[in-house]
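J.: Residue numbers (our numbering), protein chains in the order written: chain A, 12 to 401; chain B, 12 to 401.
Hints were generated in silico from the structure; no laboratory data involved.
Chain copies aren't distinguished; within one or between two, either way the pair holds.
Here are the simulated SDA-like cross-link-like pairs (lysine to any residue), alpha carbons at most 25 angstroms apart as the crow flies:
id	residue 1	residue 2
1	K255	W336
2	K255	H311
3	K229	G119
4	K229	M214
5	K255	G312
6	K229	P217
7	K255	T245
8	K255	A308
9	K87	D379
Protein chains: 2
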Amino acid sequence: MGEDGSLLQTLEIGGGVHRFGEDRPLRLDSGARLNGLEIAYKTYGRLNADRSNAVLICHALTGDQHVASPHPITGKPGWWTRLIGPGRPLDPARHFIICSNVVGGCMGTTGPSSEDAAAGRIYGLSFPVITIADMVRAQRMLVEALGVETLFAVVGGSMGGMQVLQWAADYPEMMFSAVCVASAARHSAQNIAFHEVGRQAIMADPEWAAGDYARQGKRPEKGLAVARMAAHITYLSEAALQRKFGRELQRDGLSWGFDADFQVESYLRHQGASFVDRFDANSYLYITRAMDYFDLAEAHGGVLAEAFRKARDVRFCVLSFTSDWLYPTSESRAIVGALNAAGARASFVEIDSDKGHDAFLLDEPVMDAALRGFLDAAGEARGLTAGSPA
Amino acid sequence: MGEDGSLLQTLEIGGGVHRFGEDRPLRLDSGARLNGLEIAYKTYGRLNADRSNAVLICHALTGDQHVASPHPITGKPGWWTRLIGPGRPLDPARHFIICSNVVGGCMGTTGPSSEDAAAGRIYGLSFPVITIADMVRAQRMLVEALGVETLFAVVGGSMGGMQVLQWAADYPEMMFSAVCVASAARHSAQNIAFHEVGRQAIMADPEWAAGDYARQGKRPEKGLAVARMAAHITYLSEAALQRKFGRELQRDGLSWGFDADFQVESYLRHQGASFVDRFDANSYLYITRAMDYFDLAEAHGGVLAEAFRKARDVRFCVLSFTSDWLYPTSESRAIVGALNAAGARASFVEIDSDKGHDAFLLDEPVMDAALRGFLDAAGEARGLTAGSPA
Chain A
12 MGEDGSLLQT LEIGGGVHRF GEDRPLRLDS GARLNGLEIA YKTYGRLNAD
62 RSNAVLICHA LTGDQHVASP HPITGKPGWW TRLIGPGRPL DPARHFIICS
112 NVVGGCMGTT GPSSEDAAAG RIYGLSFPVI TIADMVRAQR MLVEALGVET
162 LFAVVGGSMG GMQVLQWAAD YPEMMFSAVC VASAARHSAQ NIAFHEVGRQ
212 AIMADPEWAA GDYARQGKRP EKGLAVARMA AHITYLSEAA LQRKFGRELQ
262 RDGLSWGFDA DFQVESYLRH QGASFVDRFD ANSYLYITRA MDYFDLAEAH
312 GGVLAEAFRK ARDVRFCVLS FTSDWLYPTS ESRAIVGALN AAGARASFVE
362 IDSDKGHDAF LLDEPVMDAA LRGFLDAAGE ARGLTAGSPA
Chain B
12 MGEDGSLLQT LEIGGGVHRF GEDRPLRLDS GARLNGLEIA YKTYGRLNAD
62 RSNAVLICHA LTGDQHVASP HPITGKPGWW TRLIGPGRPL DPARHFIICS
112 NVVGGCMGTT GPSSEDAAAG RIYGLSFPVI TIADMVRAQR MLVEALGVET
162 LFAVVGGSMG GMQVLQWAAD YPEMMFSAVC VASAARHSAQ NIAFHEVGRQ
212 AIMADPEWAA GDYARQGKRP EKGLAVARMA AHITYLSEAA LQRKFGRELQ
262 RDGLSWGFDA DFQVESYLRH QGASFVDRFD ANSYLYITRA MDYFDLAEAH
312 GGVLAEAFRK ARDVRFCVLS FTSDWLYPTS ESRAIVGALN AAGARASFVE
362 IDSDKGHDAF LLDEPVMDAA LRGFLDAAGE ARGLTAGSPA
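So that you can see chain A by itself, here it is in the shape it has in the complex (with noise of 0.2 angstroms):
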């Protein structure tokens, strides 16, 4: 077995495709029920003989299942190696790591692109609005089934964040500690806007079919790779673009006409072509919807804090990057400030990077550094011990 096949076997991967019976519907915040929700998730590591050990990780908006172990489409690592696995702060040998699909998302679990079972045919438009609320009940559901009571950490970036802040308001006796990373408790106005570009990047593809491509056999790629362009600049910062690429040409000397004559431009346009190989537009849509929608205050009165009002027990970790404008550290500080506001503990760590929102998935050892201290000292108060799973 080469060191590749190793890796993956010290992991204890697990998981696959939980399907909720009839009798177990999704509600909705919409109003509309999801029956016979299909939930696809990956895990890593055993639940420990106290069932203290469980994480749930929480994947951003292009995210999926596939955090610590290879994409199944791409052949790509796990989105999140640098956090999980052996040695690493979140450690299969110590922690049981859940990671589910959202709701609405191609990766395995019901979406748009779902065969709606009651009609006999895809969802398309047809399948309901969702929302970061909608994804957390979905994954609490999963969370019971697989016998979790409480969850050791529910961890995430970006949406993902999103998603661990809706579980502190509405599960935190599910929990026992909580790390929010370049996340914000509400969209702002240019995050609208930016989602708003991408939606009509996709709508306005006539292969987007009014949703309805799929039955149709079409494909709305070149929409979609739009879109994709567009909220990809939004991750990186411009200092890291202009480190990467700055006015760098493709080939010696200019072009003088509309190909790929900087190496940003054929950059974007891979990050394009690349992603919509492994992404449904319809997904797409709707995740970008229920982040729209996510407004954490909003639900509870337009004070932040009292969101967190029940979730004093849970132990906080805020994480934001200088250099991410998409959600900027300020957001970061709300929801701080509200933490404290509600009585609730919470670490915060402002790192300095100029990688921008993306930092969170790539190399920054602070990063590292901070979620390896929390977690510890977390595990440590939680009585979990390192190398004793089970």
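Since the structure of chain A is already known, use the hints to place chain B on it.
T.: What follows is chain B alone, placed relative to chain A:
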């Protein structure tokens, strides 16, 4: 005559379309030539006896020659009436103000939607790629054709500011002063990236028809609208979007669908939809390309100061806005640093504003005051006296 009519009379509006003979081709940086160049322009005021009061206004990406009088398509007031008019910093009673549509544009100057006389058809993508220097070369031809040997001032914001800098590099002997607002001496990787998203949105629209839409009776309106929406976000600051729209809804409650729920969505859609009524998709491709190619230092051995070496006698005014993240103050500082290094005279004002890049088109009294002070002082040095244009 109503008040508006009186105002328009006071402006002494002139202009039209200047056609250059086949013996006066426009030589382009690409090596191509444009024969039978036509330049559409507006003038305000009269050239004085010693021909010392001419001011050239350079417009931005989606601007045009209608700088101080109503737009013929939209009926809206000129785009810089705050700066130009009776009692304004530039006053037709004192100044002879010229503003021309750039080469590659779509408001009357030769561009991709023009007829290629030699081929007997609309250019489309057979139109040569143009540069900021090409735009300036064409402006020089127009200015000379209008009997102006020396410009009292060359003034522009955003892409207009790039033209101002190019003027200073190429024809410093023809200008007395220069005003560069909210601009940069080169396009950054992030600037290029946003433009590339816009271009890809246009080219993804099947109605674009590989640039041949005009001949095929098509209009890539959806793609162009998406391009405009993405660009428009970059013209505003996050704070301005938040203050203007926040998370305000269009109606009571959410739609639980993909209608415009938030006012910012509706606003953006309106920006996109109204833009396509007045702008040509291919012009958008060509002009964004010209901006992306712009790097004034690159043509001068990589040293920006070298570009200004011959412009030591030109009086410069450089303005930036604190919340402009498209052309941030750091870019203006680089310009001022280069001007200082070249031994040129430069005034620099960073204006505290939360309106973002668009501040240069909006109500910014500090900008008005700074321009008035600079232009008055320059006018005094030039011997221009109020109320004596001829």
